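There are 2 protein chains.
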Amino acid sequence: MINTLYLPELREMLAENDSDGLREFCTALHPARTAEFMEGLSPEEAWGVLDHADLSLQGEILSYFDYHRQVEMLEARPPESVAPVVATMSADDQVDLLGEVEEETAEQILACFSVDDRRDVLRLSNYEEGTAGAIMTTEMARLSENLTAREALKELTDQAEHLETIYYLYVVDDFGSLHGVVSTRDIVSALSKPQKHLSEIMETEVIHANVLDDQEDVLRKMADYDLLAIPVVDEELRLVGIITHDDILDVVVEEAAEDAYRAAAVEPLEETYLRTSVLTLSRKRGVWLAVLFVGAFLTTFALEQFESDLERIPWLVIFIPLVISTGGNSGNQSATLVITALNKGEASVRDWWIIMRRELAMGLILGLIMAFMGMLLALFKSPTPYSALVVPTTLVLVVIAGTLIGSMLPLMFKKIGLDPALMSNPFVAGLIDLFGIVIYLKVALLLLE
Amino acid sequence: MINTLYLPELREMLAENDSDGLREFCTALHPARTAEFMEGLSPEEAWGVLDHADLSLQGEILSYFDYHRQVEMLEARPPESVAPVVATMSADDQVDLLGEVEEETAEQILACFSVDDRRDVLRLSNYEEGTAGAIMTTEMARLSENLTAREALKELTDQAEHLETIYYLYVVDDFGSLHGVVSTRDIVSALSKPQKHLSEIMETEVIHANVLDDQEDVLRKMADYDLLAIPVVDEELRLVGIITHDDILDVVVEEAAEDAYRAAAVEPLEETYLRTSVLTLSRKRGVWLAVLFVGAFLTTFALEQFESDLERIPWLVIFIPLVISTGGNSGNQSATLVITALNKGEASVRDWWIIMRRELAMGLILGLIMAFMGMLLALFKSPTPYSALVVPTTLVLVVIAGTLIGSMLPLMFKKIGLDPALMSNPFVAGLIDLFGIVIYLKVALLLLE
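For the protein sequence lines, the chains are A and B, in the order given. Quick note: the first sequence, position 291, residue 291 per full-length UniProt numbering, numbers continuous. Quick note: the second sequence, position 444, residue 444 per full-length UniProt numbering, numbers continuous.
Certain hints may be false.
[What the hints assert, rightly or not] Taking CB as the label site, the calculated pair distances span:
id, chain 1, residue 1, chain 2, residue 2, range
1, A, L368, B, F301, 22 to 28 Å
2, B, E254, A, L7, 35 to 41 Å
3, B, K415, A, L368, 34 to 40 Å
4, B, V287, A, E45, 20 to 26 Å
5, A, R142, B, L360, 53 to 59 Å
6, A, T4, B, D217, 17 to 23 Å
7, B, R357, A, L364, 43 to 49 Å
[Said to hold, decoys possible] Computed footprint of chain B on chain A, listed as stretches where at least three residues anywhere in the stretch have a Cβ under 8 Å from a Cβ of chain B:
id, stretch
8, 3-17
9, 41-47
10, 106-117
11, 246-260
12, 362-375
Keep in mind the hints are simulated off the structure, nothing from the lab. What you are looking at is a predicted structure, and each value in this text was computed from that prediction instead of being measured. C-beta: ideal position from N, C-alpha, C; glycine also.
So that you can see chain A by itself, here it is in the shape it has in the complex (with noise of 0.2 Å):
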């Protein structure tokens, strides 16, 4: 919900030209809600607010706009007239950012920036999608281990203002080579002794990422050790960047999301729920539900061969439903746990006869629970207590096939290279609908004649 409640004000100094009092507005809160308050300006309007702020507040309340109107404002004026805020920007943010807008725009904005700052966005945007190095950001601070403790601390007070993080210091050789990484909590502590140098406070076993990492590590080790902010190396422990606990966070918020999204065979979105227009939404899940159709034609073919049968014994019809749901209920939270498990780094592919075991001794115990109350169903719903007998033992083992499904096609994929989570839920039901028709009928001519 747009935020409304600044903008009569807002529009007013605009029109007034109060210089004072947009500049007391620009300054008077965090960016954050610097920005929320302006969400309902147009790009024109914004930016004839923001003009009332230092460059470097500019970019701040700009990266806590939605990215949209990020994209909106950038093309709303010059590129040499934006270039200037967005340099101010951060490096990751930077590269997302330029990455949005029109090509022939973004390079005219680049083309403003220095030679530095430049080269710090296209090497980052080189970086693959998911990996550490398309997360960080090149602002970090990087101090020489022949500092002492007071120098360390002053030369952080001169960069302070263009760091990421300076709670976090990480020390390096003359090559660039991560030696240690001191805090400024250590520093502060060490101020007693102000002689030492940094190679004596440091610490010199460094956990660190590096730039190729995939995401999923980093985020383990940032978890694990509680990490306010992780540096990340080249193959030769160089220090490139850095990765912060916001950008971590926002990280596994959007993962959690799209692992949402693929579980129900929707292709993740790009932008929120409501902003996604009605046909790319269409588009996004009909690729999918498209791909379950066609398979689900193989429930057709099965049902086919055993028309004749069902012809003869036609009550055995009024529990398909009933058989393939359970079947595919049991296999669906056999893929969910399995692949949660992948996830979180409490299983691997190895433990592949564990979990088999394990899932197989559930199979039976869940087979037979609903094996009971089916029983009782169809006792009911058939014609002799004896052919009821199809129920119950066709739901043990669709259960049975369900868990042993469930959980062993997610460790396959993986072991083959692909994301597990691609084999959830719609797909492995989908599998164990064709296995339980199979099953049910095979089993009801089996005992009915």
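Knowing the structure of chain A, use the given hints to seat chain B on it.
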């Protein structure tokens, strides 16, 4: 996988009473890694190693053990000797840990705490799970607004060891009410004017959480404002706790896993998948599997009503699974999209009308696509081309039913105060199975008789 690299060495050092070696081991690495290397030791062996570290390092290393191992450790020695170690841990970790051990052991350990520490623990453990109070801890920096920058830095240096974070410092008045926040960065930058009072440096618009806030809202604030930590206040705006980036990251990761479980109709696990016993897991799965199973009885009753019709038009049977799985898949997509949008704060119950219109449109588009493909298949399988029309007609209606039910049910649940994620995949699919059967056969009878 247990890291066994150091185990032989550690056991040798224990056997030989190599104090220097063990002390070196405890202090050499990040406590999390030290804990990792100690994973394979028995509780007695582990205590033997930890005895060579000072109390607060013992507590730190202990806090990185898996929960069930921490519990083993606490129960392996008398409460009086364990209490001093637990006392060094941060209050939120104490609360979580003491909540896991036997009640009697927890009481005995608490009895050894100082009055203040014990009060903190008891107060924190009273907060309902899922609220800010249940996540927060109490070791935050509280500085008086009358201190100068220099005095604040001095006080910080003194307290630094005991604080959860020294990077955000909360400025309070004499009653403990939160008046502002100042970052160590700000203090460091202000050192050039060391006589400035905190009241002049501090930010008075402090983004904060209330102790009863839902953890989702806390996460939203921390993610939106890129906060390293958020202060928690009570109703009188008194500062009572702090939630740091690492704790909220843990919450997010845990929440994502719980959402995934619930969406598959599994009661969320307390332990990891492999560590949860087959019986416990069967219970967590069985309860919902049974609910869904009984719900699916309705499909049996529905098909019974149409049993004679199916005997008259037997070829209809082969399309039943195709029809109901397509409806279920489209409903699952809608439910997931809406639930995710609600969770991320991108949509609310008030948007129901917009959502319904969009879902109706998508249901039509997707339904027509599926209908087209279904028509092609049906032409091959039905006795006459005209009768084949039953299938595409049903598919359009069933997909629309899916999108409407799938999107509206989570909204209804949220409206009446329930977790919308409860109305997810398996339940939506079950409901649509029922609708699908009824729609299919009604359409068939309409067109063919």
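To see whether the hints hold, each was checked on the structure:
For A:L368 and B:F301, the hinted distance range of 22 to 28 Å is satisfied, since their beta carbons lie about 24 Å from each other. Here the CB-CB span from B:E254 to A:L7 is close to 39 Å, well matched to the stated 35 to 41 Å. At roughly 39 Å, the beta-carbon separation of B:K415 and A:L368 lies within the given 34 to 40 Å, and the hint holds. In this structure the hint that B:V287 and A:E45 lie 20 to 26 Å apart at CB is violated, the actual value being about 55 Å.
About 57 Å separates the C-beta atoms of A:R142 and B:L360, a value consistent with the hinted range of 53 to 59 Å. Range check, A:T4 to B:D217: about 21 Å between beta-carbon atoms, so the 17 to 23 Å window is met. Remark: the range hint 43 to 49 Å for B:R357 to A:L364 is upheld by a beta-carbon distance near 47 Å. A stretch counts as covered by a chain when three or more of its residues have a beta carbon under 8 Å from one of that chain; for the stretch 3-17 of chain A and chain B the count is 0, and the coverage is violated.
Here's how the stretch 41-47 of chain A fares: 0 of its residues keep a CB closer than 8 Å to some CB of chain B, so the rule of at least three is not met and the hint is violated. Closer than 8 Å: that is the beta-carbon criterion, and the stretch 106-117 of chain A has 0 residues meeting it against chain B, so the requirement of 3 is violated. Against chain B, the stretch 246-260 of chain A contributes 11 residues with a C-beta closer than 8 Å to a partner C-beta. That satisfies the three-residue criterion, and the hint holds. Restraint check on the stretch 362-375 of chain A versus chain B: 7 residues with Cβ-Cβ distances below 8 Å, three needed, restraint holds.
Going down the numbered hints, you'll see the structure goes against 4, 8, 9, 10, while the others check out.
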